[in-house]
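Given next are the chains, with one letter for each unit.
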Amino acid sequence: MNRSSAVPAAGPIPDVPDVPRARDDFPILSRKVHGKQLVYLDNASTTQKPRAVIAAIRRYYFTSNSNVHRGVHSLSDRATQAYEEARGRVARFLNAREDREIVFVRGATEAINLVAQTFGSGHLREGDEILVTEMEHHANIVPWQMVCDRAGAILEVVPVSTAGELDLAAYERMLSPRTRLAAVTHVSNALGTVNPVREMIGMAHARGIPVLVDGAQAAPHIPVDVRELGCDFYVFSGHKLYGPTGIGVLYGKAEHLEAMPPYQGGGDMILRVTFEKTTYNAIPWKFEAGTPDIAGAVGLRAAIDYLDAIGLAAVSAHEGELLGYATEEVGRIPGVRIVGTAREKAGILSFVAEGVHPHDIGTVLDHEGVAIRAGHHCAMPLMDRLGLPATARASFGLYNTPAEVDILAAGIRKAREIFR
Amino acid sequence: MTVDLRSLYQEIIVDHNRRPRNFREIPDADRTAHGDNPLCGDRLTVYVNVRGGVIRDIGFVGNGCAISTASASLMTEALLGRTEQEADALFVKFHDLVAGTGRGAPGSLGKLEAFAGVREFPVRVKCATLAWHTVRTALNTPGGTASTE
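First to last, the protein sequences are chains A and B. Here the first sequence is numbered in the numbering used here, starting from 600 and rising by one per residue. Here the second sequence is numbered in the numbering used here, starting from 307 and rising by one per residue.
No wet-lab data here; the hints were simulated from the structure. Predicted model only: the values in this text are computed from it and were never measured. Every residue gets a Cβ at the ideal spot worked out from N, C-alpha and C, and that includes glycine. Some hints here could point you the wrong way.
As the list claims (entries may be wrong) - Label pairs and their in silico Cβ distance ranges:
#, chain 1, residue 1, chain 2, residue 2, range
1, B, N446, A, P822, 53 to 59 Å
2, B, D402, A, G934, 32 to 38 Å
3, B, G450, A, S629, 45 to 51 Å
4, B, E419, A, R936, 54 to 60 Å
5, A, D824, B, G450, 51 to 57 Å
For reference, chain A alone in the conformation it holds in the complex (with noise of 0.2 Å):
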C-alpha cells in the first residue's frame, strides 16, 4: 500500500487561471431544466461539484472504506491515512500551526454550535455579554442565544448601515470589559458584505477578547490565512466549496482547544473508559465522537486540492468581475434595486423588484433554467433591520460566466413584464 498518499490524488484539475474553462468539470452543468440550459447561481446556498471530488468518494468506497482509528487490518489503517491527511490539508488551507487545530464537524453551525456549548458555555457568567452583528447567519445568532439564555449572559448585536456596511465604530465600543467573545461573519450570505475581520479581530484582542470567525461565505471566495488573521476560531462548511455536504471544519487555536471540554461522548473522544472515570483523547479527536465523516472528509480534500490548483487569487477575481458585471446589468433594469451596496462585496447580489415578490422571481426565472434564491436567507434580523421580508439572491462560483448573468438579467425583465 502506497503510505504516502491512501486515496491516491484525484482527476484532471484545470491547470490554467481560466476559470470558465472549469465547467467540463461541473457533470451537473450541463443539465436542463424546465428544457432550459441550467444557470446556477445559488452558490452562497451550496455549490456543485467536481468530477474530482465525486471521484475521490467514489474511490474511496471502492478502495479504502473502512473505520478510522480502530482496526489493526490493512483498510482501516489506509482510511485512518486518508481522513488524518484530509485535516493536514485543510490545515495547510488555512494556514493553521498544527493538524490538530482542525476539528471536523458536519458544518459550520455545528462549529459554531461546538465552540458556544464547550467555549462559551464554561466561561459566561450572568451579565457577560457575547458580541455578534446584525448581518449574522441564524447559525451565528441561535447557538449564542442558547447559551446566552442559559447563563443570564447578554447578546450584544453591532448595527449595519442602510448598505449593508458593518458599523465599525460601534463595534470598537460594544467591545467592553464584561464581552466573553465576538462572533462575526467575514462574508454576509445575505449581502455580499466583506468585513474588515483582521481589524475586527485586532481590537478584540487589544482588549483581551477572543474572535469567533464565520467563514462559510468566505472560505470558498477568499484566500484565508488564520494565522496572518489571528483569530481564536474560523469555521467553514465543505458543501459550499464545492466539497459534499455533511462535512466541515471548525479551526480553533491549540490553547483554546485543550482548554474546552468535550462536546458529545462516545467512542473516539476517549483514551480510557471505566465507570468511575473517563479520560479524554487528546485535541482533535476530543471533539470527534463516533465515526466521522471519513467520506466527507476525503471529498473535502479532494475539493481543496481542486480549488487550491485553479487559485483562490484567481477564482476571486473572475467572481468579482461576474459580480461586477450582474451589478450593472441587473441594476438598470426599470424597477430594480440591489440590496447591499458595500464596497467590500464577494460573489452575491441581492435585489429586489418593484411589483414583483422574489418568490414570484424564483419561480419565473426557474422557468428559464435559473437557480437562485429567495427569501429571507436564514438572516431575519438582518431583512427586519433593512425593512424587508424578503429578497432575491443571485450567487456565483467559479463557473458561472457573463452569458449566465444575461440570462438572469432577461429572466429579471420577463418577471417585470408578467406582473406589469
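Using the hints provided, position chain B relative to the given structure of chain A.
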C-alpha cells in the same frame, strides 16, 4: 411566457396581486388571526366579523408573493356572506384543488379555480393556502397564529 407559467400566473391572479381586494384592517373585527409562512417570510393578518353565523365583513393585510396575496384577496371575496360551515367546506375544496388530491368536483369553485395551476408547483402550495389556514384559525381559535410549517 411558457404554458405552465401562464397556468400559475393567470390573469386574475396577477390582477388580484396588483390590486388586492378587501386589503384593509377591520379595527372592530371580532375574529382575527396571524398567518406565517416561515419558509418564505410571508406574513398576513385576517380580520373577520361574524354575525349570526354569517361572515359579514372580511379583510386582510400583510406581505407575500403573488400567489399568497391573490389567494388572500380572492378568498375574502369568496367568503363574504358565507356561513362558517360553508367557509369550512370551501377550505376543504380549495385545499383539494391546489394540493391535487382530486376529490373535489371540478368547476365548483368559481374564480378560485384559477389556482388549479398551483398543483404543478408543489413548493407554492403553502403560498396559496396560507390565507385559508389563517381564516380557519380566526374562525376556530380567534387571536391564534396559523403557520404553514
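Self-check item: Assessment of proposed distance window 51 to 57 Å (beta carbons of D824(A), G450(B))
Solution: For D824(A) and G450(B) the Cβ distance comes to about 52 Å; the hint holds.
Quiz prompt | Cβ distance range 54 to 60 Å for E419(B) and R936(A), holds or violated | solution = violated, 35 Å
Quiz item: Between N446(B) and P822(A), does the C-beta distance stay in 53 to 59 Å?
Solution: For N446(B) and P822(A) the Cβ distance comes to about 57 Å; the hint holds.
Exercise. Just tell me: holds or violated, for the beta carbon distance of D402(B) and G934(A) against 32 to 38 Å?
Key: holds, 37 Å
Quiz item: Okay, G450(B) versus S629(A) on CB: inside 45 to 51 Å?
Solution: holds, 49 Å
Taken one by one, the earlier hints fail for this structure only at number 4.
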